[in-house]
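Protein chains: 2
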Amino acid sequence: MLHLHFRHDLFVILRDFSGLIQVLIPQDESRSELKKAFLGLTVESVVMIKGRVQRRPEGQHNKNMSTGEIEVHAETIEVLNTSRKLPFEIKEMAKKSEALRMKYRYLDLRSGAMQYNLRLRSQIVMKMREYLCNLHGFVDVETPTLFKRTPGGAKEFVVPSGDPGKFYSLPQSPQQFKQLLMVAGIDRYFQLARCYRDEGSKPDRQPEFTQVDIEMSFVDQAGVMRLIEGLVQYSWPKDKGQINVPFPTMTYEQAVKDYGVDKPDTRFGMKLIDLTTAFQGTQIEFIREALVEPGGCIQAIRVPEGTKHLKAKDMEYLKTWAKTQYGQEVSVIHVRADGSLKSPFSRLLSDVAKEQLLQMAQASAGDLIFIIAGPQEIVRPLLGKLRLQCAELLERCGVLVRDPSLFHFLWVLDFPLFLPKEDAPEKLESAHHPFTAPVPEDSALLYTHPHKVRGQHYDLVLNGCEIGGGSIRIHNASQQLYILDTILKENPSLLSHLLEALDSGAPPHGGIALGLDRLLSIIVGAPSIRDVIAFPKSFRGHDLMSCAPDFVSEEDLKPYHISVVWPSTNTQGQQDNPA
Amino acid sequence: MLHLHFRHDLFVILRDFSGLIQVLIPQDESRSELKKAFLGLTVESVVMIKGRVQRRPEGQHNKNMSTGEIEVHAETIEVLNTSRKLPFEIKEMAKKSEALRMKYRYLDLRSGAMQYNLRLRSQIVMKMREYLCNLHGFVDVETPTLFKRTPGGAKEFVVPSGDPGKFYSLPQSPQQFKQLLMVAGIDRYFQLARCYRDEGSKPDRQPEFTQVDIEMSFVDQAGVMRLIEGLVQYSWPKDKGQINVPFPTMTYEQAVKDYGVDKPDTRFGMKLIDLTTAFQGTQIEFIREALVEPGGCIQAIRVPEGTKHLKAKDMEYLKTWAKTQYGQEVSVIHVRADGSLKSPFSRLLSDVAKEQLLQMAQASAGDLIFIIAGPQEIVRPLLGKLRLQCAELLERCGVLVRDPSLFHFLWVLDFPLFLPKEDAPEKLESAHHPFTAPVPEDSALLYTHPHKVRGQHYDLVLNGCEIGGGSIRIHNASQQLYILDTILKENPSLLSHLLEALDSGAPPHGGIALGLDRLLSIIVGAPSIRDVIAFPKSFRGHDLMSCAPDFVSEEDLKPYHISVVWPSTNTQGQQDNPA
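Residue numbers (UniProt numbering), protein chains in the order written: chain A, 1 to 579; chain B, 1 to 579.
No lab work stands behind these hints, which were simulated from the structure alone. We put the CB at the ideal spot given by N, CA and C, even for glycine. Any given hint might turn out to be false.
Computed cross-link-like contacts, DMTMM-like style, restricted to lysine to aspartate or glutamate with a CA-CA straight-line distance of at most 20 angstroms [stated by the list, open to error]: (1) 85(B) x 262(A); (2) 271(B) x 367(B); (3) 202(B) x 163(A); (4) 558(A) x 500(B); (5) 96(A) x 500(B); (6) 271(A) x 395(A); (7) 96(B) x 204(B).
Beyond 12 angstroms from chain B on every Cβ pair, some chain A residues (computed) [stated by the list, open to error]: (8) 42; (9) 172; (10) 316; (11) 353; (12) 562; (13) 563.
Per the computed footprint, the stretches of chain B lying under chain A, defined by three or more beta-carbons under 8 angstroms from a beta-carbon of chain A, are [to be verified]: (14) 44 to 52; (15) 194 to 200; (16) 354 to 366; (17) 400 to 411; (18) 539 to 553.
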């Protein structure tokens, strides 16, 4: 009782999720009915076949098929459903365009890769639940998704209610509820939580996604980290190798210094190198100018054997990219076979400086060095991205830079609690969210130098992707109020229920949330989280199968006391409305 | 490290989710610091105490406390958080008003009953997952909640998108997705699915709720029923007794005939009795009139020893209720101690008729018989409700009618596939949903007498509540099209993706959905599903803790191209908008 797939008129190949098997159709006249039934069928029809399993004759074994040594000699066939002629074969589905795959998702999911992804997802999630619920006493609590808009929740979908002008909001995470559960005495909470985020057309984001949401009372940072390491290790698929714990840690400061990013891919080197000292008193004008600016520095990455792999057009591409995205010049130094440097400004460098440069970069013949001069807060992230771009370019040349079979977990710690607001740098905003507790020894700084306070926040990074983040939370109501009111200038009345709860005997608590879709996509090596989600939306947030979102008649909107405001520039839109 | 609760100045009682323990505070001068720390604390503060566990002195054991034979002799105390003075004690929470409990849900959840309910819910769900995923090879697949409005989905919340005039819809169930997963070759699917239904202010309904959603390929009705029986048995809490399988079955016809309802509470008798033959050729005018109408009948229920328990005011209440709700007269017959009948029309009954009536009702001295004459489609549901009302009245008098420790599961089968439309009885609508397959032997009737077709639908009933419903689905595209288009007169283009999928090699399939909240509330004996949900909405759909839903500024609505239509009768509303 399997999906059907013809090969030729004597055999058919049957498929179900577990694999393929060859069915032999008897050719003798007395069984002509059976043959006729098979011949009338279309590919992908559903049949129930009864027959005998037999070894294939000597010499007819198929070593490319796990059932290649046997075949089924059909005795009866029942056609359970026929299929129309499909516009493509299932095994070719993965090569089709994203849009076609999404439109016919129910066919796309029949592919071996998608079956593997969805079934593995289910198994990993089950193991996670066993670990949390059965081994560690966590309570699986479902929290509401129809909630109140959070302060500054610009990315929250709104849901009109029957009360005029009043809306629910689909929360980005159960953050408030998990903390309230700690106050409520559910000392160990977890949930595979559906979360919502309206980000328009960001690539590889989904308007709804799933996080493994965890919160514990009476726990410290190390306690959460050990729990998560155990969770990952316990649920890790056997065919993906072993995971060693504890995971390495790195401070935020170190990550940004060495990798130019707070989620470093530690599967490969090419770290950022600070060359500032090598260029002290340099003749090179643009470097000299950069170094006198506040935070001015000169930094580099070295691409081993880069001269061999990267072409002139690659350099051009990288230079243009840096110029347009960051307004920065990238200088490239080639280390020649004889150890001499080829660079636009090499003649301006003293031999000592050249020597120092090579030594600091640990460069040798054939390497490329990318150099950028400018303020540190621009140079670091730029080089961080350049590093990843170079890795990609090298991989296209067949160099194994980031081994896809390696899984490098990393904890990043000691984040700043606040960052300058992007649009108003004199004000502060939470680096993560306003509920993160300060590092205890920095607590006093809250009232004097809040920008210097580190938060008890921890990010879990896997192969350069942030797959989780969490923190020890503030459990003291007056500290929470001070941060909301005095530091962040938020209206605390919007969170009065949480402040009251913290003031009602809240235990110390902390937690974490893991991005399940992202984690899964890295485990299976999928290029997109869409490959580990059964029915994902397109990058524009559309369901291409059912055509959601869709128009709703004004009549159907009446109970919600809303009406559509058609954009004035596009009066055509109004006529599309089938109301 | 527990919640604190004072008793007197020498002892404190500590509480966590696992229970209470008594802590002894040393009174000697050398430990005055410790005493001082305790005395400064408020009730419900959070402390970490270290000390020695000791047996209480002889004669001071507390048999009402599971830890009543021991106490902790405190050596150190660390105050982790203090609590403000709370407006009520936790142990009195359950007696408070619903509104107060909801506003301070984080305190309400500290009660022993709510801790039990939430923790049991987590355990039962975990057992269900083990059964489905680990024992039966089901795949846990998450399906989207931002979807397209389904045809006639009047109870679906809408979610405005960034595309002008286009809305997502929060689906009432993953029905389409679970069927598409069958087409996709996920042969056994389950999900603890969040579902949404906008029903305004229906009592004991929630705008979001959870169902155990299951679908299987290559299964028949019995296959689904056996699976669910195993699931319930496996996940049933040990302290609630044993569940025997298979569950009894009853046809829809039988249920309506005997109990006046399709979800009979079989924990007690008082079944409907048809007395029509006893009243053939009766002199009683209103009965004679009722009997000549189409479908006219006279039916009754007998309340054993009803004369002893039900008072005159109870009869009055029931009569008034029947009159106002159904426009029907209820006649009451008292069976006197001597076996004679007391009734307004007993003088109009012949002795033979009286004898026949007593015999048919199996009535004896002290019983009450409620009689209703009228069309069957009114009399049956009315008597069905009267039966439940009588049970409630008897229970208020202390008679055990519905034993709360009994769990009577029942499958109700052979539902009609279609019912006359309530507002247009000449048209048909699906009794459950348009995807239910007809009973195979009734398939031909689809094209000739569709109203006679029975569906392969099954309801699971527990103690008179429907806790689940499912069906074998239509897997034939042309049959599905015929039902949508010709019988139901729905626009099939809205479901074209499903019809195409059925035509692409869909296996035969069927499934079920269990209402988790309702099931849990019956298991724990809670009066409302709100008692098994961590953060429920009020019956008007409000979150009383955070005050959701709430106003959203016109500015925040702009990206969604909607604006609020304020009701013209209430211009005040507009001024409430803080925009």
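List of violated hint numbers, smallest to largest: 1, 4, 8, 12, 13, 16 and 17
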